[in-house]
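Peer 1: Sequence:
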Amino acid sequence: MRAVKIYQQALSLCRAVIRRMAVGSLLLVMLITTACIGPIKPVPTAHKQEPPPQFTDTADAAKSSEPTPPQPVSAPFSEAALPLPVPGIGQPDSPAQQEELPVVESRPVQVVAQRESYSVSNSVVGMRNNVPLMHSPVSVQVVLKAVLQDQQAIRLQDALKNVSGVQPTATGGEYDNFLIRGFST
Numbered sequence: 001m002r003a004v005k006i007y008q009q010a011l012s013l014c015r016a017v018i019r020r021m022a023v024g025s026l027l028l029v030m031l032i033t034t035a036c037i038g039p040i041k042p043v044p045t046a047h048k049q050e051p052p053p054q055f056t057d058t059a060d061a062a063k064s065s066e067p068t069p070p071q072p073v074s075a076p077f078s079e080a081a082l083p084l085p086v087p088g089i090g091q092p093d094s095p096a097q098q099e100e101l102p103v104v105e106s107r108p109v110q111v112v113a114q115r116e117s118y119s120v121s122n123s124v125v126g127m128r129n130n131v132p133l134m135h136s137p138v139s140v141q142v143v144l145k146a147v148l149q150d151q152q153a154i155r156l157q158d159a160l161k162n163v164s165g166v167q168p169t170a171t172g173g174e175y176d177n178f179l180i181r182g183f184s185t
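Once you know that position 58 of the sequence shown is 58 in this note's numbering, the rest is easy, because the numbers rise by one and skip nothing.
These aren't lab readings, by the way, just hints derived from the structure by calculation.
Between beta-carbon pairs, the in silico distance windows are:
no.	residue 1	residue 2	range
1	Q110	R181	41 to 51 Å
2	M134	S184	24 to 34 Å
3	E100	A146	45 to 55 Å
4	R19	V120	49 to 59 Å
Source: prediction; values computed, not measured. Backbone N, C-alpha and C fix where the C-beta goes; we use that ideal spot for every residue, glycine too.
Whenever a hint applies, use it, and build me the whole structure from the sequences.
Peer 2: Set out below in structure tokens:
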């Protein structure tokens with residue numbers, strides 16, 4: 001009876017500590033996030049105000065009988081609303097300062113090799129005779145020796161990473177236990 005009370009007291013103490021730690025860590029995360037973001041400072045942009053173009057009458061156009069639609073009037077600050085691109089660091093200011101890069105010519109490279117494939121179309125081990133895998137009534141997965149050598153698989157766990165539905169389970173390290181499609185082995 002006394003052990004149960006001690007257990008309950010220890011459990012309530014642990015819960016209180018966890019709550020305080022959760023609140024403290026939440027406050028710390030909020031403080032760090034706010035410090036990283038910081039205040040948002042407006043970036044000054046250069047406003048170009050060009051005078052409207054001056055039109056001169058050089059030729060008389062023939063008046064048409066069709067009415068012309070009204071042309072939209074542009075607002076004087078419509079261009080200023082868009083942010084200006086930041087000039088690149090280290091880029092020359094004018095095209096005259098750009099240097100011509102040397103042209104490097106290379107000879108064409110021709111590769112002559114055989115393409116190795118990890119695919120297998122037949123299986124002898126799972127079927128007792130040489131049967132195409134597409135015609136087998138069960139699910140068979142083949143892991144070639146070349147795959148295991150290329151991956152440098154030493155343990156069984158390394159080799160079974162290539163097989164779907166098989167996952168290693170954590171034990172004391174004495175035995176290799178696996179879950180095969182949900183069933184423990």
